[in-house]
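Visitor: Here is what each chain is made of, one letter per residue.
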Amino acid sequence: MIEIIVDIVLLLMAIYLIAGLLFSIYFLAKGVAKLDEDAKNSPWHFKLIIWPGTVLLWSVLLLKMIRK
Amino acid sequence: MSVGYTSILWNSEKKRYDRGILIFVLVYLISFYGLHALLHPEATSETLLIRAFGILAFFFLHVILVIGPLCRLNPVFLPLLYNRRHMGVSMFIVALIHGSFSIMQFHGFGDMNPIRSIFLSNLDYISLNEFPFQVLGFFALIIFGLMAVSSHDFWLKNLGAKIWKMLHMMVYVAYALIILHVVLGATQNDKSTVFFMIVLLGFVSITLIHLVAGKKEKKVDNEKPIVDHGYARVCKPEDFEENKAKMITCGERIAVFKYDGKLSAVHNVCKHQGGPLGEGEIVDGCITCPWHGYQYLPGNGQSPPPFNEKVATYELKIQDGYVWVNMEAKAEGEEVEPLNLRDYE
Numbered sequence: 001m002i003e004i005i006v007d008i009v010l011l012l013m014a015i016y017l018i019a020g021l022l023f024s025i026y027f028l029a030k031g032v033a034k035l036d037e038d039a040k041n042s043p044w045h046f047k048l049i050i051w052p053g054t055v056l057l058w059s060v061l062l063l064k065m066i067r068k
Numbered sequence: 069m070s071v072g073y074t075s076i077l078w079n080s081e082k083k084r085y086d087r088g089i090l091i092f093v094l095v096y097l098i099s100f101y102g103l104h105a106l107l108h109p110e111a112t113s114e115t116l117l118i119r120a121f122g123i124l125a126f127f128f129l130h131v132i133l134v135i136g137p138l139c140r141l142n143p144v145f146l147p148l149l150y151n152r153r154h155m156g157v158s159m160f161i162v163a164l165i166h167g168s169f170s171i172m173q174f175h176g177f178g179d180m181n182p183i184r185s186i187f188l189s190n191l192d193y194i195s196l197n198e199f200p201f202q203v204l205g206f207f208a209l210i211i212f213g214l215m216a217v218s219s220h221d222f223w224l225k226n227l228g229a230k231i232w233k234m235l236h237m238m239v240y241v242a243y244a245l246i247i248l249h250v251v252l253g254a255t256q257n258d259k260s261t262v263f264f265m266i267v268l269l270g271f272v273s274i275t276l277i278h279l280v281a282g283k284k285e286k287k288v289d290n291e292k293p294i295v296d297h298g299y300a301r302v303c304k305p306e307d308f309e310e311n312k313a314k315m316i317t318c319g320e321r322i323a324v325f326k327y328d329g330k331l332s333a334v335h336n337v338c339k340h341q342g343g344p345l346g347e348g349e350i351v352d353g354c355i356t357c358p359w360h361g362y363q364y365l366p367g368n369g370q371s372p373p374p375f376n377e378k379v380a381t382y383e384l385k386i387q388d389g390y391v392w393v394n395m396e397a398k399a400e401g402e403e404v405e406p407l408n409l410r411d412y413e
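Heads up: the protein sequence lines correspond to chains A and B, in order.
Heads up: the first sequence at position 58 corresponds to 58 in our numbering, and the numbers run straight through without jumps.
Just add 68 to the spot in the second sequence (first one is 1) and you have our numbering.
Simulated from the structure, these hints should not be mistaken for laboratory data.
Keep in mind that this is a model prediction, so the values were computed, not measured.
One or more hints might be untrue.
What the hints assert, rightly or not - Computed, partial: chain A to chain B, Cβ under 10 Å: (1) LEU22; (2) LYS30; (3) HIS45; (4) LYS47; (5) ILE66.
Each residue gets a CB set at the ideal place from its N, CA and C atoms; glycine is no exception.
Same shape as in the complex, but just chain A (with noise of 0.2 Å):
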């Protein structure tokens, strides 16, 4: 039973982090800049850094953008 249970939230964990790391093509490219106008024209090491956290965070980015 734990082993179906593990199985299933490492699944779950790698389509998050796969969903992620598509997101964040789009949203480094051009999302970032389309939700906060600060980012407009930052240079690309200040976009390798928040990467990370847009792989990790993607969700609450893409709310936050859908509600804008």
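Once you've looked at the hints, dock chain B against the given chain A.
Guide: Only chain B this time, still in chain A's reference frame:
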């Protein structure tokens, strides 16, 4: 202060802070390896690495947790708070090295996926002596990771203060997981009583210092001001020190600043990370947060251009020889005519 972002805002003070962290880490690692080479020559380099970085992360976590309450008790510790985020990220990197090598060493050479193996290689979840303590460390590492990746100001602004604060308060959950991870892990490895005493001392110190700082904060909030027609009495005009504030709690905390013979009142909470503006000073004509130096103009609560942070302002009046503040806040950034003390001399 937000007007265009960059990756890391390094200034000379932050560079000094980070250099201090780096030097400490290097001295610690050299000392640790030197001592272990003498005392435990049989230990493998992987084991040494796991131990060294585990202990270092545990130490950093304690330092990070005491900085906040220490600053509440005495402003002399404020320089430590100034760049706590860099220490937090450093702690995560150190913990990640510890975690990665542990996973490689203990779960990386079997048939099972290493992450799956953390959860399934030991199924004694109901046993205290054999509990799979690495699971606890794994979850703590995820929390530290979320905190580290969201430490840039971009995240504070775009997640919103509420979500950001909630996420970063998870450090206490992570601390509880780490205490259990260390204690259960050590129990299974027959660590000495001295080791347990050190862990206990750390836990008691963290708890006590939080309780003392919390008591001090509560005392400030419990002081009920005299209220008359929506105005709360602050103090006499002569009680103010130049370029400093008097704070008053009436539902919200309000900071009343004296500068250039005038008084202005703003909401006490900095928009950056909730720092206590009333414990700061007026520097170059601006209220300056003691935590990270965010600035606001006293007359309208706005950060000076080109920055765009705003705090609420309050009306003031003098009545019966006392300064009174209107408890109803104006909009954030709304101009309020400062109270000119010279008019009452």
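Visitor: Taking the hints in turn, state whether each one holds.
Guide: For each hint, the structure was consulted:
At its closest, the beta carbon of A:LEU22 sits 17 Å from a beta carbon of chain B; the interface hint therefore is violated under the 10 Å criterion. For A:LYS30, the shortest C-beta to C-beta distance to chain B is roughly 15 Å, which exceeds 10 Å, and the interface hint is violated. About 4 Å separates the beta-carbon of A:HIS45 from the nearest beta-carbon of chain B, less than 10 Å, and the hint is met. Contact between A:LYS47 and chain B, as hinted, is supported at the beta carbon level, the nearest pair being about 9 Å apart and thus within 10 Å.
At a threshold of 10 Å, the smallest CB-CB gap from A:ILE66 to chain B is about 14 Å, leaving the interface hint violated.
Of the numbered hints stated above, those contradicted by the structure are hints 1, 2, 5, listed in ascending order.
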